[in-house]
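No gaps in the numbering here: position 142 of the sequence shown is 142 in our numbering, and each next residue is one more.
Please note that a few of the clues may not be correct.
As the list claims (entries may be wrong) - Okay, derived cross-link-like pairs now, EDC-like style, lysine to aspartate or glutamate, Cα gap no bigger than 20 Å in a straight line:
no. : residue 1 : residue 2
1   : Lys3      : Asp20
2   : Lys151    : Asp87
3   : Lys102    : Asp34
4   : Lys3      : Asp73
5   : Lys208    : Glu220
6   : Lys151    : Asp212
7   : Lys102    : Asp137
8   : Lys3      : Asp174
9   : Lys151    : Asp73
10  : Lys179    : Asp153
11  : Lys102    : Asp60
12  : Lys208    : Asp73
13  : Lys151    : Glu207
14  : Lys208    : Asp137
15  : Lys208    : Glu40
16  : Lys102    : Asp121
17  : Lys3      : Asp121
18  : Lys102    : Asp174
19  : Lys3      : Asp60
Just so you know, these hints were derived from the structure itself, not from any lab.
What you are looking at is a predicted structure, and each value in this text was computed from that prediction instead of being measured.
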Amino acid sequence: MAKRILIVEDEPQLSQLIADYLAAGGFESEVRSDGRSGLEAALSGAFDLVLLDVMLPLMDGFEVCRAIRAESDCPVLMLTALREDGDKIRGLGLGADDYVTKPFSPAELVARVRSHTARYDRLTGHEEGPSERWIRDGSLAVNQASHRVRKDDDDVSLTAKEFELLLLLMRNPDRVFAKEEIYERLWGDEHYGDPSTVTVHVRRLREKIEDDPSSPRRIETVWGMGYRWSAGK
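With the hints as extra help, turn the sequences into a complete structure.
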């Protein structure tokens with residue numbers, strides 16, 4: 001069954017171009033031209049990924065992203081002409097999985113869509129054997145098959161990228177990962193974006209799993225090198 005992509009974009013020519021490229025890549029898509037109707041469609045559960053413009057009528061993309069993340073972990077890729085790092089960090093901080101700056105290559109965008117949907121399927125699928133579905137470390141438990149995370153018996157809601165980052169680190173305790181390596185592993189192609197994206201995702205993940213995010217004990221920063229998972233904390 002073809003993956004269904006929601007395009008929330010108010011420029012008709014651009015949304016049609018994206019839809020055409022997605023169709024050529026084997027995807028189905030629908031378009032919404034304002035933030036309010038885009039949010040309603042995104043929360044319907046009918047789509048596998050959302051392509052979300054920032055500058056939208058009725059409700060901007062940042063507001064839409066925040067509202068989606070309050071209800072869903074569906075992958076969100078933000079599209080924008082804004083080039084400031086602060087805007088990128090804001091979008092990623094609200095839970096976006098990736099950030100694409102206009103003008104962009106439609107073929108590259110389709111490649112990113114394919115990568116994110118495939119990774120999300122792997123994270124939420126049931127390919128693991130029973131003995132491999134859970135990873136436990138102290139008070140933290142991760143079910144790889146159901147994409148479920150619990151800390152002190154409370155559910156923790158993670159985005160797809162946060163979950164993938166958590167698995168990467170937990171599966172490799174005490175190994176130091178450079179930001180560039182994490183970016184390449186999680187986003188699939190190192191030249192597509194900015195490794196500083198990793199910093200935002202690490203910060204968000206710490207806020208959700210650390211007892212004191214300002215003094216993290218699980219995800220440690222190794223200055224000048226990267227990050228490592230400290231087991232048993």
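The hints, checked one at a time:
no., hint, result
1, Lys3 - Asp20, "holds, 14 Å"
2, Lys151 - Asp87, "violated, 31 Å"
3, Lys102 - Asp34, "holds, 18 Å"
4, Lys3 - Asp73, "holds, 16 Å"
5, Lys208 - Glu220, "holds, 15 Å"
6, Lys151 - Asp212, "holds, 13 Å"
7, Lys102 - Asp137, "violated, 41 Å"
8, Lys3 - Asp174, "violated, 37 Å"
9, Lys151 - Asp73, "holds, 18 Å"
10, Lys179 - Asp153, "violated, 31 Å"
11, Lys102 - Asp60, "holds, 17 Å"
12, Lys208 - Asp73, "holds, 14 Å"
13, Lys151 - Glu207, "holds, 12 Å"
14, Lys208 - Asp137, "holds, 15 Å"
15, Lys208 - Glu40, "violated, 26 Å"
16, Lys102 - Asp121, "violated, 27 Å"
17, Lys3 - Asp121, "holds, 11 Å"
18, Lys102 - Asp174, "violated, 39 Å"
19, Lys3 - Asp60, "violated, 25 Å"
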